[in-house]
Amino acid sequence: MGLKDVVKKAAFVDILRGMSVTGTYFVVDKVTVEYPKEKLQTYPRFRGIHALITDPDTQDAKCVACMLCPTICPSQCIHVVGEETPDGRSHAKEFDLDLARCIFCGLCEEVCPVAAIVMTRFYEGSTYDKRDFLLDKKALMANQVYAHKEVFVEKPEATGAAKEEGR
Amino acid sequence: MSADPHTDTHGAAVDTHGHDSHGHDAHGNGCAPAGPKRPTTEELIARKAATRQEIEPGADLMTISIGPQHPSTHGVYRIVLDLDGEIIVDGRPEVGNLHRGIEKLCENRTYHQIVPLTDRLDYIASFAMNHGFCEAAEKLMGLEVPDRGRYIRTIAHELARLSNHILWLGIHVMDLGTQTFFCICFRDREYILDLWEMLCGARLTHSFARIGGVAKDLPDGFEYRCRKVMEFLPKRVAEYERIVKNNRIYYKRAKGVGVFTAEDCYAWRVTGPPLRSAGIARDLRKDEPYAAYGEVDFDVAVEYNADVYDRFLVRMKEIRESCKIILQCLDQMPDGDFISKDAGHVLPRKSEVMRQSGAMIQDFNQVFRGPQAPKGEVYRAIEVPKGEMGVYIRSEGGGKPARVRFTTPSFYHGQALPALAKGEMIADMVAIFASIDVVLGDCDR
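Chains A and B, in that order, give the protein sequences. For the first sequence, the working numbering assigns the number 1 to the initial residue and increments by one for each residue that follows. For the second sequence, the working numbering assigns the number 1001 to the initial residue and increments by one for each residue that follows.
By construction, these hints were calculated from the structure, which means they are not laboratory data. No incorrect hints appear here.
Covered stretches of chain A, as calculated for chain B (at least 3 residues, CB under 8 Å):
| id | segment |
| --- | --- |
| 1 | 14-23 |
| 2 | 33-47 |
| 3 | 58-72 |
| 4 | 99-105 |
| 5 | 113-123 |
Examples of chain B residues lying across from chain A (beta carbon under 10 Å, computed):
| id | residue |
| --- | --- |
| 6 | 1110 |
| 7 | 1116 |
| 8 | 1120 |
| 9 | 1199 |
| 10 | 1244 |
| 11 | 1348 |
| 12 | 1363 |
We put the beta carbon where it would ideally sit given N, CA and C, even for glycine.
So that you can see chain B by itself, here it is in the shape it has in the complex (with noise of 0.2 Å):
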């Protein structure tokens, strides 16, 4: 990626063209090798200090809000900014029209029960939420994951990294002008759907992960089907590149607009794709391998310029080391059980219950009592396709844990908005609230 033409130009004036030629980097390698032309930190310092707009003292200020029903806030996020002419001064987020108490409704369910409402924080890419709590689960009662739960889990989670970064394209670009391509991004979504709908059963609020490992084990057919659609997805990612990647429109909204650097990154807790995007290659999914992810090889996704544009960059990477990630895992699925058989903490299969007494007795007491966990208190954090998400769960023992926190990335990317658009025109404010990718179920849980 070291040839990336737009690297080697300052300011925000940047050139349109000029990387058309380079179309073998189609196939991003990850991480990008320390080129001479990798901006320094000053750098985009300097270039986030260009791109803003210089606000007069004493200016007369508009306020105006934003949302929760405008359509460019991708739910009910309201921001209240002040505008100096078309110049955004300051803003204040207001979050938390979709509090629905799912972290006190854990506080009375056990935890089997809390799985379904674990989809509900992000309906987008809602397996890597129940895996995120399966893995906090996990780690409070010291159950292990049978190796073919593992891989499950980890293609599972792929997918529904694909259907994130696919969806997040389709609304990013169409918040900027476009109508096609949003349909065009839809209908390659609908094949990642349809596989969840052959793995598990639903499209959307999937349910699959439970306590010990997965709901289902792999259906007949869906290896064929899931190989089908990795091969071809790589193909259309070029396809989107083509349409969007060079486009002037795109390029002059994105380029250089909302520059987050990894210090300010790091100041506002702002994880996944915005920070891969400054040059941080922090990825949990590499650093604390879970899952199968410490036996696939993968590569972490990571661009420079900290803007609009190198997200959009991170992201098209991340979806092609998904697809590479799922056929690696088909490839060396393991046999054997796709759920632990620890009688004391998981629910048993269908199969058993209906055979032997045992597992009739296990259905029982899993149902009544819930998983015994042990007290005490764990968090767990993964990496989910919005950025790091973390579970905490305080058990006193007992099928039902006494506290459960989410730190869900969503909640801390919509309140760096105002950092991220100060000094920008509110045109861009659309752009730039849409790369940070905030899904508001996932903000106010």
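Chain A with its partners taken away, still in its complex shape (with noise of 0.2 Å):
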């Protein structure tokens, strides 16, 4: 060990070359959100808890109970029963989703042939009572002021770019 190690170590120089940059952080700008009081914007694709979309025509679920839902969900936790309405369409009769089982891989979302099940921007799924977790068919059309904003959109290539700007 040469003269120059000895007096680098012991003036510290190793610890105050690595202090340095943590000193710095003092002065910069914080990148921490203070969560429960501010929240950050999810980005367009962001997979949160489910919503089924509304028809407007006739104001029930889009979904057609085609099944493709059920069959692709890796977890197996979408239950849903379809009939035919008095007009002929086909609905679906009951739709329940577990969401104590999902895993939110979106295959569900992606699969759907009419836009009907969406994944929102919903996160905060946290509750007291482990019921909470079933959703039913009444609840995941209420989640759906949740959704994204795009899934609104008619043509589903039109989403526009000013949407990037989420935060």
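Put the two chains together into one complex, using the hints given.
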């Protein structure tokens, strides 16, 4: 060990160099978000809790009970019972989704041929009651207020770049 | 990197200082030239013998159990250690506490449904696992991924590697006693996770790869943000090195600890950064290029001292190389499809399903029957952040595999811990275990 190294070691050069980095963070802007008080906006593709979209013509869910989502679901958390309405439409009589089983992979949204089931920007699903994890058709339709705006756009490809200015 | 001063010292008692003036090696050029200071295998073995304490025969051993609920085991890993004083004589790892039977679950799922399950293997770098499975399934079905799909996969895979290595660094250094540095690493990982959220909607379990391509195209504004992050990350790595690399506490706890030579790595099937830190430039991205790795220019990070400190250096180099790869992919990004148009094997695009009846039929076909794979078996290995991951699929035709087997790096790294830690002090076991980067979801499956 040369004299230079001894001096460096005695002067704590290595520690001071590291401390100079951490020291600069006293003065730069904070990146922390104080979560319950302020919230981050999610990106348009965020996969939050599901929603069923209402068809404006019939005021029923868009779902036609084609059984694609319960079939593709890897954790088998969706339960759909279809029936025919008096006016000849096929619709979902029951649509239950068990959030406690769901792994939020987004396959149900991806395969839905009528864009009825979507994943929303809502992510604060914690609850004191386990039964709240079982979403029925009514609860899922109520969730659509959280849906990303782009699912309401007529053409699926016409999603504007403006939405990318999320945060 | 030949100017690294620590390579010219022998034995365990190495000098902490003297490499402050070598700041120019911060932008490591990957493959170090075979300089005269590179240690030979004999030297490494001698060094290993020097660090490891002599164990008296017939000593009174104490057996202690570490884990499964120990913070430094990074999950539910348990190791039963035989100690002579503070020296580790032997150890028996115990895995399986996180076993979820994913391989069995794969047997009654279609190939599309297996992709989200592979997220749960290595949940720190889930895309790498998705990618490995999809590469294997495509090899089985003989699918070609379009150029754009391959480039997006490469970007995504490198993002996974970045988030894995940055998280690893924070946890590894926290195990050795820092707190602030962990927060710094988590702050930087957050930028990567934001990119992930923008790209696929999830921050941890991405499920982004699909058979034949990727789930979605790059969103608007992604390229701009990704470039920004990739341009400042190397600066952040320089900061990490400023804090950690020369720090005398980290240096003394990492240098010369847990030496594992290339022969040991081969014997225990240890791959990835631990193998590359032993001087073997094995990287499947380079050796058997997949995705777009054959078309981008990058170096394999190699170090030669095979200890905890060099595994840190290898990973820091890999972060820089990943940034380079992503920037090149963004530059060279071709136009075209992000997923194959093969109607028999891939899920159709959502916009087409809603308009074209053919795509709708394809959608129903894929969901109910799955991609129709031929009879046969394939093995495909790719380089995931932790090492080499292999996927074996045996198919008897139809939409579901008959057997899926994942050979994941964490399992092999976890079993090698007793060999790595033999003769070391028990306090160093934490550093050694962290340096081989084990994730228990990956290990137990």
